[in-house]
Amino acid sequence: MGLWDSYRMRLRRKRRLIRAVRKSAELTLLQDNTRSIRPDDILLVCTMRNEQIRLPYFLEYYRNLGIGHFLFVDNGSNDGTADYLRGMADVSLWHTDASYRRAGYGIDWMNYLKRRYAHGHWVLVVDPDEFFIYPFCDTRPIRALTDWLDNSDLRSFAAMLIDVYPKGRIDAVSYQAGQDPLEIAQWFDSGNYMISRNPEYGNLWIQGGPRARVFFADQPKKAPALNKIPLVKWDRRYAYASSTHALLPRGLNQVYAADGGEKASGALLHAKFLDTFTAKAREELSRKQHYGGSTEYRAYAEKLAEQPDLWCKWSEKYINWRQLEILGLMSKGNWA
Amino acid sequence: MSGLGIVMLVHTSLERAAQVARHWTANGCPVVLHVDRNVSTEDFRAFHRALADDPLVRFCSRHRCEWGTWGIVAATQAASEVMLEEFAQVRHVYLASGSCLPLRPVQELIDYLAERPRIDFIESATTADVPWIVGGLSHERFTLRFPFSWKRHRQLFDRYVALQRRLGIRRRIPDGLVPHMGSQWWCLTRQTLEAILRDPRRSEFDAYFRKVWIPDESYFQSLARLYSSNIESRSLTLSKFDFQGKPHIFYDDHLQMLRRSDCFVARKIWPHAERLYQAFLTDADRARPRAEPNPGKIDRIFAKAVERRTRGRAGLVMQSRFPGDGAEQAITAGPYSVFQGFAELFDDFEPWLARQTGARVHGHLFGPDRAEFSEDQSLVNGCLSQAAALRDYNPESFLKNLIWNTRGERQCFQFGPADNQAVNGMLARDGNAQISVISGAWAVSLFRSRRSFADLRRQAARLQQIEAKQLEKLREPWTRARVRIWTMAEFVEAPMEPLQAVLEDMGVASGRKLQEVPTMTNLEGFGEFLQNLKNQGMHPYLMGDFPVGQSPASLSNTPRKPYLVR
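Residue numbers (numbering that gives the first Met the number 0), protein chains in the order written: chain A, 0 to 335; chain B, 0 to 565.
None of these hints come from the bench; they were simulated from the model.
Among the clues, some could well be false.
Said to hold, decoys possible - Subject to a maximum C-alpha distance of 20 Å in a straight line, what follows is the list of computed SDA-like cross-link-like pairs (lysine to any residue):
| no. | chain 1 | residue 1 | chain 2 | residue 2 |
| --- | --- | --- | --- | --- |
| 1 | A | Lys221 | A | Arg236 |
| 2 | B | Lys150 | A | Leu153 |
| 3 | B | Lys245 | A | Lys279 |
| 4 | A | Lys221 | B | Glu395 |
| 5 | A | Lys232 | A | Thr95 |
| 6 | A | Lys221 | B | Lys150 |
| 7 | A | Lys279 | A | Trp204 |
| 8 | A | Lys312 | B | Glu395 |
| 9 | A | Lys302 | B | Leu378 |
| 10 | B | Lys468 | B | Ala453 |
| 11 | A | Lys302 | A | Tyr317 |
Note that the structure is a prediction, hence the values are computed from the model and not measured.
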């Protein structure tokens with residue numbers, strides 16, 4: 000990387016940060032518990048829209064992992080999300096009706112919140128349908144992981160998206176609030192991920208899984224990116240550059256080993272495909288607030304009408320993180 | 000009071016350190032604590048208050064302890080002096096850290112040491128004999144100067160080392176001293192420790208070690224060699240290091256493993272490992288036979304972790320393992336075979352191969368319309384799809400995925416110039432690939448097709464060009480694949496030998512003659528076909544000198560039969 004390139008990236012990062020501050024004007028603080036954030040708390044930042052039904056289990060899952068404080072951006076929900084979160088001491092809530100797309104698909108808002116509240120904290124950025132899995136997550140809390148990362152001088156941790164889906168039509172079973180989505184959607188694709196290196200940010204670009212297989216088999220370039228770096232020891236100078244796929248400065252994207260070794264990594268089980276999805280896809284299609292003019296949702300809407308079963312005989316049933324490790328989807332790396 | 004005294008170096012998680020200190024004193028072992036000067040006064044006072052009422056606890060003067068620097072040795076000296084002065088009954092001094100945890104009842108350690116009153120337990124080896132050095136400095140750590148912090152001023156550190164090397168500067172090692180290294184955590188007898196601390200030459204040694212790199216792993220280790228007559232070169236503290244030289248950390252889920260290790264003390268324990276502290280500090284009398292420490296299983300687990308981090312699983316490409324070109328011998332997870340021209344030349348090659356080898360035999364995986372998986376499957380292991388667009392979007396990922404997903408089952412597939420050629424480079428570089436090519440055999444399918452000759456001619460020219468380019472790639476000097484290339488003429492002349500050789504390479508049919516051979520397609524008229532192409536100005540050369548004009552005698556009479564050598 001030349002000097003010019005470094006300078007360009009630096010400018011881009013600054014621009015991201017300025018945008019974040021500018022876009023923060025769109026946020027209205029509804030519930031401020033940020034004073035209760037302790038210096039060593041692990042934070043979670045999340046933008047959502049009409050996901051109230053998912054929140055009970057989401058909060059339970061991440062509280063159990065040891066998240067200290069939740070910072071939510073509610074992007075125009077009208078399903079009672081704000082009411083539901085009211086009064087929770089470990090939740091701070093912002094509201095905005097502004098455009099998700101124009102806020103860089105939410106990252107401007109979240110970059111701002113992290114800059115303001117997460118400096119010096121480990122912070123996890125996930126969607127309400129993503130469940131963070133890491134090595135030993137069944138026996139060690141998330142603090143064990145962040146302590147180990149600190150100890151190893153690591154600042155960021157990769158966890159690729161793994162889409163989980165039910166066997167049968169995705170609208171066959173209706174999801175109940177508080178239920179573990181994995182009870183319904185417990186199948187995943189284990190070995191069809193396409194990986195290349197993105198020279199611009201130095202991160203890996205991963206596509207594949209059931210979405211590429213079923214919805215994008217004839218236009219794979221448009222298949223959604225699955226690489227994510229959701230856990231970062233935040234510094235106010237950092238910024239997510241595109242969703243949680245890439246960070247600036249670029250050094251944070253070096254979450255993989257290029258010499259043949261394996262670095263430690265986790266997974267985000269993505270329980271998008273529940274019965275709630277059909278309605279969601281319809282709504283998002285009309286709102287056009289998602290990446291690439293919501294082509295993704297257009298593809299879903301078309302395909303789902305004809306073939307709503309993502310399951311095939313080679314689908315794997317999710318058991319635990321060790322299974323993902325054996326399959327080669329994540330790694331313990333040097334952690335033992 | 001027992002004859003075992005504990006020197007404890009503390010810098011973080013003071014509550015845990017206090018808890019462990021109380022555990023030692025409750026079992027009659029005096030404890031001298033050194034608290035890192037970097038700990039805030041406030042925290043130190045609280046810590047001090049928490050332990051001040053214990054008659055067996057002392058605090059020593061505080062030094063700043065930075066990894067790899069003299070401060071740690073100074074702290075150890077200060078604390079040891081207090082120990083020797085204040086507790087006259089102490090026969091053995093055990094050096095521990097705040098994150099060490101006794102795994103066995105303290106009385107067992109006391110008894111163990113009482114039975115070995117004159118033995119110093121200190122890992123101590125000469126630099127030539129230790130494998131664990133991280134960072135490249137072994138003997139030089141005793142002959143160069145290290146005034147800059149490795150942690151904070153890495154560049155300065157490295158440059159100063161380079162400068163000294165270039166100028167050939169060497170420090171003099173004090174007379175009589177032979178540098179030894181080993182684990183920082185020791186257990187020394189009072190005699191040895193006193194001899195070290197009260198040595199008339201101590202100021203000379205101290206001045207020397209002050210500028211040695213990582214003196215906490217060499218000061219006592221070297222000096223003990225001068226005074227001890229009875230060194231047992233091992234540490235009683237179980238402590239494992241990762242590939243960066245950082246200690247591995249123990250968590251709740253290591254409980255059973257730690258129990259079975261029979262080690263006396265382990266480090267480092269994660270401060271929030273509640274179950275470990277609970278289990279080992281509130282010690283119910285566990286009736287276990289007394290055993291020598293045996294950390295074998297733990298050793299293996301941590302050795303595996305280091306191996307995984309440095310070498311990884313061969314052939315795996317994933318989010319945290321993405322080997323660059325040339326980083327590995329084999330870029331896939333296991334051996335596989337590629338056949339080019341065989342399916343064209345033999346009518347029943349694929350089923351025959353499957354029967355002979357028991358391997359999974361696919362058709363043209365990189366065919367233009369789709370990936371022709373075995374048994375016409377549309378998806379295979381790992382939900383890998385036959386869709387051509389998906390495959391061609393990243394053909395290398397496709398192949399690596401297939402081989403990874405089917406670990407344990409050998410894969411074979413057909414290849415040819417009509418297929419997507421994007422994997423050629425990878426196939427050639429992959430030490431796992433066994434590639435067998437009958438060059439020019441693609442012409443057989445043209446020969447048998449019924450398209451217009453002008454069409455065929457164009458097609459033949461195109462395929463020949465592609466195959467020529469591919470063969471060039473396979474013949475590059477850096478090719479790692481096992482490549483065999485025959486011209487078609489050569490192959491048809493004596494097909495048994497090549498077939499036999501290929502199968503032998505795959506680990507079948509070794510030593511015995513093939514029981515069953517595939518049926519060669521009828522080549523009558525093929526020679527004329529080639530000649531026709533030539534007459535049209537397209538020179539097919541990859542098939543070698545095929546009998547032109549009249550079919551060869553052996554082909555004309557009883558076609559097929561002559562090749563079915565039984």
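Against the structure, the hints:
{"no.": "1", "hint": "Lys221(A) with Arg236(A)", "verdict": "violated, 31 Å"}
{"no.": "2", "hint": "Lys150(B) with Leu153(A)", "verdict": "holds, 14 Å"}
{"no.": "3", "hint": "Lys245(B) with Lys279(A)", "verdict": "violated, 48 Å"}
{"no.": "4", "hint": "Lys221(A) with Glu395(B)", "verdict": "holds, 19 Å"}
{"no.": "5", "hint": "Lys232(A) with Thr95(A)", "verdict": "violated, 26 Å"}
{"no.": "6", "hint": "Lys221(A) with Lys150(B)", "verdict": "violated, 44 Å"}
{"no.": "7", "hint": "Lys279(A) with Trp204(A)", "verdict": "violated, 26 Å"}
{"no.": "8", "hint": "Lys312(A) with Glu395(B)", "verdict": "violated, 24 Å"}
{"no.": "9", "hint": "Lys302(A) with Leu378(B)", "verdict": "holds, 18 Å"}
{"no.": "10", "hint": "Lys468(B) with Ala453(B)", "verdict": "violated, 23 Å"}
{"no.": "11", "hint": "Lys302(A) with Tyr317(A)", "verdict": "violated, 25 Å"}
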